[in-house]
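Novice: Every letter in the sequence shown is one number past the one before it in this note's numbering, and letter 66, counting from 1, is 118.
Quick caveat, the hints were computed from the structure, so don't treat them as lab data. There's no promise every hint is true.
Unchecked claim - Here are the simulated distance ranges between beta carbons:
(1) Asn183 x Arg59: 15 to 25 Å
(2) Ala270 x Ser104: 31 to 41 Å
(3) Pro151 x Asp298: 40 to 50 Å
(4) Pro221 x Thr292: 46 to 56 Å
(5) Ser104 x Val159: 36 to 46 Å
(6) Glu76 x Thr255: 20 to 30 Å
Idealized CB from N, CA, C, for every residue including glycine.
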Amino acid sequence: MPDLDDRLLQRYSRHILLNEIGIEGQARIGRSRMLVIGAGGLGSPAAYYLASAGVGRITLVDGDSVDLTNLQRQILHTTERIGQPKAESGRLALAAINPEVEVVARVQRADGAQLRTLVAEHDVVLDCSDNFATRHAVNRACVEQRRPLVSGAAIRFDGQLAVFDLRQPEAPCYACLFPAGEGQDELCAVMGVFAPLTGIVGTLQAAEALKLAAGEAAAIGASMSGRLLMIEALGMTLRTVRVPRDPHCEVCAAAGAAA
53 MPDLDDRLLQ RYSRHILLNE IGIEGQARIG RSRMLVIGAG GLGSPAAYYL ASAGVGRITL
113 VDGDSVDLTN LQRQILHTTE RIGQPKAESG RLALAAINPE VEVVARVQRA DGAQLRTLVA
173 EHDVVLDCSD NFATRHAVNR ACVEQRRPLV SGAAIRFDGQ LAVFDLRQPE APCYACLFPA
233 GEGQDELCAV MGVFAPLTGI VGTLQAAEAL KLAAGEAAAI GASMSGRLLM IEALGMTLRT
293 VRVPRDPHCE VCAAAGAAA
């Protein structure tokens with residue numbers, strides 16, 4: 053993204069008016085590179101707000117295509133784009149919101165050596181996937197590359213949000229909270245999901261990612277690092293619990309020992 057000229061100052065003026073962000077924080081957002089894993093229910097609102105806020109580069113990673121059943125909650129996509137790859141459909145939507153932002157569509161699953169390379173090329177990673185295998189793969193890559201991970205989940209009427217930022221010495225990783233092999237995938241295709249809940253969680257993911265990008269050495273305000281936010285939409289209750297680092301974690305403890 054170019055320097056903040058008069059046109060961009062006007063576009064992002066409501067951010068710039070916030071003392072916590074200002075011109076410098078907005079410029080950092082404009083230089084940031086964010087990796088969004090999943091262009092579905094969570095990735096849609098997250099990517100929308102990242103683009104509207106002026107993130108310099110957004111990479112959307114999703115190997116699926118748009119289906120009619122997606123349209124109840126996946127607001128990046130339209131009826132006309134049924135059958136198209138979600139990453140490409142998302143790229144079109146984000147370009148319409150903010151042509152200043154570079155959007156890269158990767159029609160692929162998030163795994164293997166390519167995932168580690170993608171994580172290394174970005175400043176913040178948003179896990180908007182819907183299965184534990186991908187979540188653990190993304191977490192391992194973020195631990196290896198020391199990239200902050202903003203993780204979200206939504207199923208039925210229950211949502212979760214957490215930030216795992218191993219740039220902080222005592223911060224946990226995703227596997228500290230959900231060890232590999234202990235989770236059971238609950239896909240919304242089988243269990244169902246309340247459409248606005250994905251919007252709530254995805255928007256919160258964007259908020260945490262933008263706070264990380266706008267800050268220089270740490271997030272502006274208080275990051276969700278080391279905390280888990282749990283949302284229950286039927287009663288609209290929110291609860292936050294502390295997540296300690298597991299000294300025996302097979303992912304981050306081993307990576308720390310190797311370093």
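Novice: Are the hints correct? Go through all of them and say.
Specialist: Comparing the hints with the structure gives:
1. Range check, Asn183 to Arg59: about 41 Å between beta-carbon atoms, so the 15 to 25 Å window is missed.
2. Under the hint 31 to 41 Å, the C-beta atoms of Ala270 and Ser104, about 24 Å apart, miss the expected range.
3. Between Pro151 and Asp298 the beta carbons are some 44 Å apart, a value that agrees with the proposed interval 40 to 50 Å.
4. Judged by the Cβ atoms, the range 46 to 56 Å given for Pro221 and Thr292 is violated: they are separated by roughly 22 Å.
5. A hinted range of 36 to 46 Å is violated for the C-beta pair Ser104 and Val159, which are about 24 Å apart.
6. At about 24 Å, the beta-carbon gap between Glu76 and Thr255 stays in the expected band of 20 to 30 Å.
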